[in-house]
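Engineer: Sequence order for the protein chains is A and B.
All the letters of the first sequence, read from the start, carry residue numbers 54 to 504 under the numbering used here.
All the letters of the second sequence, read from the start, carry residue numbers 54 to 504 under the numbering used here.
Some hints here could point you the wrong way.
Copies of the same chain look alike in the list, so a pair counts if it fits in one copy or across any two.
List time: in silico SDA-like cross-link candidates among lysine to any residue, alpha-carbon distance up to 25 angstroms [what the hints assert, rightly or not]:
id, residue 1, residue 2
1, Lys74, Glu99
2, Lys137, Ile242
3, Lys402, Phe60
4, Lys272, Pro85
5, Lys260, Glu63
Calculated from the structure, these hints are not laboratory results.
Take a look at the letters that make up each chain.
2 protein chains.
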Amino acid sequence: MKWYKIFTPELKELIDSKNLKGLSLILRELHPADIADIIRELEPTERVITLRVLNKTTIAEVFSLLDPDEEEEMLGYFTERRAKAILQEMSPDDRTQLLDELPASVVKRLLNLFPVEEREEANILLNYPPDSAGRVMTTEYVDLKTEITVSEALEHIRKTGPDRETIYTCYAINEKRVLCGVVSLRDIILAEPDQKISQIMNENVYKVNTTDDQEEAAKAIQKYDFLSLPVVDSENRLVGIITVDDILDIVEEEATEDFHKMAAIQLPEERYFRAGYFKQLSGRVVWLFVLVLAATISGKVLQKYSLALSSIIALAYFIPMLMGAGGNIGSQSSTLVIRALATGELALKQWWQVLVREAVAGVVIGAALGTTAFFIAIFLLQNTMLGITVGISVATVVTVGNLAGAATPLIFSYFRLDPAIVSAPLITTIIDVTGIIIYFEIARRILSVPG
Amino acid sequence: MKWYKIFTPELKELIDSKNLKGLSLILRELHPADIADIIRELEPTERVITLRVLNKTTIAEVFSLLDPDEEEEMLGYFTERRAKAILQEMSPDDRTQLLDELPASVVKRLLNLFPVEEREEANILLNYPPDSAGRVMTTEYVDLKTEITVSEALEHIRKTGPDRETIYTCYAINEKRVLCGVVSLRDIILAEPDQKISQIMNENVYKVNTTDDQEEAAKAIQKYDFLSLPVVDSENRLVGIITVDDILDIVEEEATEDFHKMAAIQLPEERYFRAGYFKQLSGRVVWLFVLVLAATISGKVLQKYSLALSSIIALAYFIPMLMGAGGNIGSQSSTLVIRALATGELALKQWWQVLVREAVAGVVIGAALGTTAFFIAIFLLQNTMLGITVGISVATVVTVGNLAGAATPLIFSYFRLDPAIVSAPLITTIIDVTGIIIYFEIARRILSVPG
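Looking at chain A on its own, in the form it has when it is part of the complex (with noise of 0.2 angstroms):
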């Protein structure tokens, strides 16, 4: 059901025979975020004629969907005064959104079109941290004061309602501008016409600060199912509200983010083709770098069992079994605990939980995959004793591997850092050196070669 991918073909020919009227009609049945997808696919003068056609509303909707770069591109396509028509029509998050990533001299000279009282609010926006409740929230919702009628508040609804990013749930405040309840759309529809929105209005609001992290807002939107969740600054006044599709984007990202922490990756962006070319290349040679380094341990350690290795060779047959065997059940108990604490189904007072769990799962895992080994040895070189060194190290470091993988992002989270940062390869690393000493002090006692 990709309707752009019908559409752009008819739309180039539309474009190529100058045929405006037709344009606008076939734009005008379209979505948005349509509209958006095509304007992509075309060419720099075809974006031109197209944008020509739209009206600026909509032209304001496409906008909030596209890339701050694009956004910056097409901006350069109007003259001032209709970009600022366009910047008038978004809606404060999306302008805030757009604003943040523009060159400053740029945000500086569109700040300029506007009247004083709209480019305070857009500083305003701009002044919450990165990430906060008040950089995504939106001004535009309908309030309503405590004392009026529901006939009134559907009045108030009816002539402010365009504007306004949803109308569904409203907002009751009193005269200081205080949050003193919520009253869905649904309940005023509802209510009898004379009843007092005090009456209707549920006193009991969830809320979040302009200086909490989206993160929060996006939890509760999902634990409560909430359409929209209102901000408040320190003195618990109403300023905004952030909407449940904003959370929808906001889920995805956080998930993209922790998908390449735990690949080791920093990335100031989430999309792969957004993120600057050289800036994901250095968010991910860093890590790299460090993990390099750290294999020289490995290396180390080889070097002092060089005299057991060179006695028999066939030990180093296994070192690629064990260390992939120990790593790969690291990264899946600390992806299955990372996991568990992002969505909040597992909290870190149930640590002591976690590890009886992993600790036993390591050593059934662990008794089934050093049998294995075992007999592979054993398959290969025809020596037991060989193959019950091999057998009782897997079965250590797989044992070893596992609770490790749980317990390393349980010890950041408990020192406050984001237990996503435990990447696959950091697990790896670590139990690569502790699998490598495990093996040569068991191939030491029992193999009795020199250590």
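Given chain A, work out where chain B should sit, using these hints.
Structural biologist: Frame of chain A, contents of chain B only:
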């Protein structure tokens, strides 16, 4: 702001002192999601008392937030008549989810409590394939005949609204129940009372089919910021809707599923504690077993190079570094590509762009890490030729590993396999074997050791 933590001790006291009145007063103020959290913390006898003071609507809401095993346990607290009342209060999608995971005998017994037509409805929902739109949809939507007026529509919404999951998006149908358009409560409120629904509805309705995957519904709701999405049967008749709050859960579940797949964990259930312990174990051990078998190949390859290894035992010291560098960069590039494919940012047809990008990245990062490895080898062993061997090998393995990590999920995607099953462990194992061969072939040439 964890409300329930504040209330739990207070509630326990009220329960102990059998103060049912006080208990019901407090519970009435709480959100069902908080009540669900509190109930989880209570002892079985305390649960029975708490559930007794709640009305059936609240219990139904609380139930829809619990896990199936908890629901089953608590249904056991009630008489059959009360269990039936609670199930009837639940919305059809939540009820389906409960019935879906209960043992077949319990389902049969419960369904027999219902009148024939409701039993049929439940059976229909249960017959859609797992993870399909039909499974997650609810049948509690507002439909409006196209020929009625706005004021008639408002009257209809007022009458049926209290039972509906959402009244904010209504769907226009003709006399054959075919979906004709969508009209938001906002449009209705803002329209003139005597306009017809057919005049104000939007005929461009995005819809999904009952058998479509729930992910398609999730993608559409995310892209177009819908509050709900209509579900139609093969004859385009409206049969249900999917609401945004269900989509939030789906997005999170799908991300968790991908996290697990990428760590080579195969689980029928996304949550850490809820997944049966032995199911979780077997979901982990299968892949680990395969990977240990695959590591046998690395062992076999090393055995082939045993002459080289025994003539220069120091070659073994760098096996961990080489395998680590190749494996780590492979997990990075596979994670970037898998996640970009999952969020829809990357389309398969862009494969060429990705490969060029990652080939260049591999060469750049390879050069950096290779140089580092060169100096590390010299620092450890003061042997320039060995340093050159290690440096070139690390650079080559990193380049190859980066490309393999990016290419494998694209190949999986091409063959319509889920790219997320390209786990870091799988990539690592593939690169291990390749890395060892590259290393010893380079060593043979530079150090002129026997091959």
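Engineer: Against this structure, judge whether each hint is valid.
Structural biologist: Taking the hints in turn, this is what the structure says about them:
no., hint, in the structure
1, Lys74 with Glu99, "within (15 angstroms within a copy, 70 angstroms between copies)"
2, Lys137 with Ile242, "neither (37 angstroms within a copy, 30 angstroms between copies)"
3, Lys402 with Phe60, "between (55 angstroms within a copy, 19 angstroms between copies)"
4, Lys272 with Pro85, "between (28 angstroms within a copy, 15 angstroms between copies)"
5, Lys260 with Glu63, "between (47 angstroms within a copy, 23 angstroms between copies)"
Of the hints listed earlier, the one the structure fails to meet is number 2.
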